[in-house]
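Visitor: Take a look at the letters that make up each chain.
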Amino acid sequence: MERSYGIEVENLVREFKKGPRAVDGVSLSVSPGEVYGFLGPNGAGKSTIVLMLTTLLPPTSGTARVAGFDIVKEESGVRASIGAALQEAALDPFLTGREHMNLQASLHGLARKERKVRGDELLERVGLSEAAARRVRGYSGGMKRRLDLALALVHRPKILFLDEPTTGLDPQSRSALWDEVAHLAREDGVTVFLTTQYLEEADILADRVGIIDEGRIVAEDTPEALKAEIGRPSIEATPADLGKLDAVSKVLGRFGEAVPASSGSAAVRLEHGDLATVVRALDAESLEMANLQLNSPTLDDVFLEKTGRSLEGSGDGEEGDG
Amino acid sequence: MDSSLLTQISVLSRRSVVRTLRQPAMVIPSLILPMMLLAVNAGGLTSATELPGFPADTYLDFAFAFPLMQSAMFGATLAGSEFARDIENGFLNRLALTPMSPAALLAGLLSGVIALALIQAAVFLTVGLVIGVDIKSGFLGVPVLVALSVLTSLGFGCLGTILALRTGSGEAVQSFFPLFFVGIFFSSISLPRELLGGGWFEAVATVNPVSYLVEGMRSLVITGWDAQALALGFGFAVALFAAGLFGASISMRTRMERT
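Protein chains in written order, with this note's numbering: chain A, 1 to 322; chain B, 1 to 259.
No lab work stands behind these hints: they were computed from the structure.
Do not take every clue at face value.
Under 10 Å between C-beta atoms, here's a sample of chain A residues computed to sit facing chain B [what the hints assert, rightly or not]:
#1 88
#2 98
#3 99
#4 103
#5 104
#6 108
#7 114
#8 117
#9 131
#10 156
#11 167
#12 169
#13 173
#14 230
#15 285
#16 289
Simulated restraints, written as ranges between beta carbons of each label pair [stated by the list, open to error]:
#17 B:24 <-> A:171: 36 to 46 Å
#18 B:28 <-> A:8: 36 to 46 Å
#19 B:195 <-> A:112: 51 to 61 Å
The beta carbon of each residue, even a glycine, is placed where N, CA and C say it ideally should be.
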């Protein structure tokens with residue numbers, strides 16, 4: 001029988017003792033070969049779902065099948081089909097990159113000759129060939145993340161779970177990891193379940209995005225469709241004289257509902273009118289602008305629309321994901 | 001035992017040994033501190049040899065079991081805290097997502113304990129012989145002494161592993177270290193049981209398994225080949241190891257189910 005390398009989740013719940021309901025009835029479906037981005041702030045329940053889908057944490061209720069295997073009753077089947085790079089790159093600081101590859105390949109039952117070939121191939125693929133003989137404690141955050149990804153791929157899994165793979169990485173390392181994930185999905189047909197709190201990451205990588213907040217999916221579709229749902233752009237105005245910010249806000253208020261803006265600026269989601277009419281209205285009030293910007297809808301706008309809060313910065317200062 | 005299990009044990013053992021050897025800051029104190037305490041005890045308690053019925057010619061010979069026993073405690077704490085670190089930093093999750101057998105993981109962990117115990121025994125014996133410890137059981141007694149020492153380390157290593165599996169915290173494991181020490185001091189480590197005065201201390205030392213482990217090791221140094229002391233020593237060491245292994249296996253299964 002042909003096995004489907006997708007993910008089916010139905011009403012998944014996880015409650016922690018004396019804690020909140022970290023995951024509150026999540027249902028979703030990921031098709032084989034799809035990149036599914038799970039977007040939400042810290043503490044939204046993203047990592048808890050990944051832990052359940054990778055069989056590392058039992059659900060309180062609900063069901064899920066990964067690669068056709070039930071995550072509770074057939075956990076060995078799930079584990080054999082998936083690769084996972086979890087939130088912290090769990091590496092042994094005293095082993096080298098190559099020793100990690102050898103350990104992982106051996107535990108996955110690769111033959112001795114294949115271990116070396118596969119290890120070298122993956123180290124080269126993630127750009128760690130030269131650092132392969134060095135102990136991991138000397139690696140940068142980006143190198144650790146790349147090694148973590150390579151380790152998750154040793155046994156050629158059909159489904160890959162990446163839990164916030166680029167958190168804390170510099171832009172260059174982040175971009176390199178994005179390229180690799182895109183390559184895996186497009187060229188190798190790997191199903192990717194990716195959690196992130198970065199809007200740009202979900203936008204660039206994911207075929208479909210699930211937006212999660214307080215343990216529930218609040219929106220789910222392709223990034224384009226989600227943004228199209230918002231439809232209207234926002235306009236942000238920065239007065240040349242900061243003392244006139246209230247007057248600017250009042251004028252903008254005629255064109256739509258106020259949305260969060262950067263310091264010293266006012267912004268509205270345009271409900272009627274366009275940039276030209278706004279400019280004319282500001283000009284009529286003799287309000288001189290230092291900057292006037294028309295912004296197309298982003299996934300953050302979608303999050304704002306669905307939850308009443310902005311995703312950007314909403315989880316700052318928190319740790320973990322619950 | 002199938003070949004994949006053997007491979008798993010082999011790579012996990014190698015990792016454990018390599019980790020141990022690559023952390024001199026962890027190994028060196030476990031070599032120096034027991035020898036320092038031996039020096040302090042041997043220097044300060046020399047007059048104990050004048051007690052009627054004291055079984056050794058020098059207190060150095062009598063106390064030589066102390067570093068071996070203490071090193072077993074170090075091994076337990078080290079094994080436990082190292083494993084707890086694997087749990088804390090998610091490395092156990094990584095291993096759990098492979099088809100690894102929990103038995104292989106346990107065997108790998110204990111290989112690190114054996115490696116450390118062998119290093120410690122080699123260093124203590126070398127230093128002991130240099131400073132004048134007279135091993136009455138002779139050349140053949142040395143491997144027996146090492147075997148008993150390693151077996152004891154394995155038993156305590158299992159206890160450390162259980163603590164790690166139950167608590168999942170390196171700090172929690174290390175907080176048990178003083179308790180292990182209490183176990184040593186409430187034994188016949190400093191004086192023979194018959195010279196403890198017959199009070200509560202002697203009663204505690206008599207029911208404390210550590211006394212029999214110490215006396216087994218000590219007999220090889222100060223007596224020669226004492227069948228009863230060796231039987232009790234090895235008997236308690238095997239029992240401790242078996243009970244520890246059983247407890248660690250149960251805890252491992254529970255943790256892997258949770259993991």
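Visitor: It remains to establish, for every hint, whether it holds in the given structure.
Guide: We went through each hint and held it up to the structure:
no.	hint	in the structure
1	88	holds (5 Å)
2	98	violated (12 Å)
3	99	holds (7 Å)
4	103	holds (5 Å)
5	104	holds (7 Å)
6	108	holds (5 Å)
7	114	violated (12 Å)
8	117	violated (17 Å)
9	131	violated (17 Å)
10	156	violated (13 Å)
11	167	violated (14 Å)
12	169	violated (18 Å)
13	173	violated (20 Å)
14	230	violated (37 Å)
15	285	violated (57 Å)
16	289	violated (50 Å)
17	B:24 <-> A:171: 36 to 46 Å	holds (38 Å)
18	B:28 <-> A:8: 36 to 46 Å	violated (54 Å)
19	B:195 <-> A:112: 51 to 61 Å	holds (59 Å)
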